[in-house]
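Generate coordinates for the entire structure from the input sequences, incorporating the hints supplied.
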Amino acid sequence: MKILITGGAGFIGSSILDEVLKMGWNPIVIDNLSTGKISHIPDGVPFYQLDVRSPEIKRVFKEQKPEAVIHEAAQVSVGYSEQSPFADGDANIMGTINLLQNCVENRVSKFICASSAAVYGAGDHVPLTEDCPQKPISFYGLSKHTAEQYVRLFGSTFDLNFTILRYANVYGMRQNHSKESGVISIFVNRLIRKRPLEVYGDGEQTRDFVFVRDVAKANIQAILYGDRDTFNISTNCPITLNELIARLKKTACQAAEVSHLNARNGDIRNSSLCNKKAKRLLMWGPEVGLDQGLAETIDYYRDQLVNVK
1 MKILITGGAG
11 FIGSSILDEV
21 LKMGWNPIVI
31 DNLSTGKISH
41 IPDGVPFYQL
51 DVRSPEIKRV
61 FKEQKPEAVI
71 HEAAQVSVGY
81 SEQSPFADGD
91 ANIMGTINLL
101 QNCVENRVSK
111 FICASSAAVY
121 GAGDHVPLTE
131 DCPQKPISFY
141 GLSKHTAEQY
151 VRLFGSTFDL
161 NFTILRYANV
171 YGMRQNHSKE
181 SGVISIFVNR
191 LIRKRPLEVY
201 GDGEQTRDFV
211 FVRDVAKANI
221 QAILYGDRDT
231 FNISTNCPIT
241 LNELIARLKK
251 TACQAAEVSH
261 LNARNGDIRN
271 SSLCNKKAKR
281 LLMWGPEVGL
291 DQGLAETIDY
301 YRDQLVNVK
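If you use UniProt numbering, the sequence shown corresponds to residues 1 to 309, in order.
Please keep in mind that the hints were generated in silico from the structure rather than gathered at the bench.
All values derive from a computational prediction rather than experimental measurement.
Listed below are the simulated SDA-like cross-link pairs for lysine to any residue, each with C-alpha atoms no more than 20 Å apart in a straight line:
#1 Lys-58 <-> Asn-98
#2 Lys-2 <-> His-40
#3 Lys-249 <-> Ser-259
#4 Lys-65 <-> Phe-158
#5 Lys-65 <-> Pro-55
#6 Lys-250 <-> Tyr-300
#7 Lys-62 <-> Ile-97
#8 Lys-37 <-> Arg-302
#9 Lys-65 <-> Ser-54
#10 Lys-135 <-> Gly-89
#11 Lys-249 <-> Arg-302
#12 Lys-62 <-> Asn-26
#13 Lys-2 <-> Arg-59
#14 Lys-279 <-> Glu-130
#15 Lys-279 <-> Glu-19
#16 Lys-250 <-> Glu-204
#17 Lys-22 <-> Met-1
#18 Lys-135 <-> Ile-268
Here is the structure:
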């Protein structure tokens with residue numbers, strides 16, 4: 001099976017690429033390398049350095065004839081979306097539309113759309129299920145919500161099969177710690193460099209952290225199951241940032257100073273997603289516990305630091 005992965009040189013996309021190769025499928029990667037790295041793509045995998053909004057995407061579909069598309073390329077920073085709503089919407093909405101149009105024109109069998117817990121907004125209760133109201137409180141959440149709506153309407157209008165995956169807070173190897181999205185990678189890199197850990201607010205806000213390899217496997221399952229449906233991809237195990245920091249320090253066997261800053265606009269207080277539907281219909285569930293995931297992440301970034309030196 002030929003699988004086109006957008007953002008395939010990036011954090012989540014490159015892990016999906018690894019799993020696609022394990023399945024014996026034939027991947028094709030599109031990435032503009034704004035945050036992704038060419039080193040994440042093994043030799044022999046067809047690669048196109050393109051933005052998903054580019055008209056040149058049409059050429060990729062004509063040349064490669066993918067049977068399925070896994071769409072991971074996105075603007076993922078809540079903070080940036082507040083500063084530049086137009087740029088955020090342009091990347092996340094127009095990029096998705098461009099891919100959907102090409103899928104329809106080239107009779108692609110299935111479109112997998114990466115979405116986010118941010119579509120729910122603050123939520124009335126946790127854990128949030130897929131049928132909970134979606135009331136985004138950030139422009140990022142709004143752009144992902146709008147992209148979802150386009151996927152569904154393309155599906156019903158043009159008979160395009162799809163699956164939408166709403167990720168909780170994904171963490172793990174290859175995450176870009178220079179950006180503000182990805183608190184664990186930021187904390188780990190500051191921890192191993194013996195710099196203060198910066199927490200926005202009191203640290204009692206909760207998050208549902210899911211390991212990147214588990215997210216990649218959810219995308220594989222979405223190729224096989226879950227037609228025309230939406231799923232939360234999460235652990236359903238929320239943890240406060242204060243507790244996360246304690247677990248990080250214990251796992252790393254390292255002390256750290258913590259600095260509390262003012263809370264940011266658009267940040268959700270408590271976020272946890274129910275994953276029962278994914279377990280039932282995608283036959284997927286998280287396999288990597290938080291302590292194991294933190295240990296793997298710390299080891300990865302320590303190795304990166306040594307290699308840089």
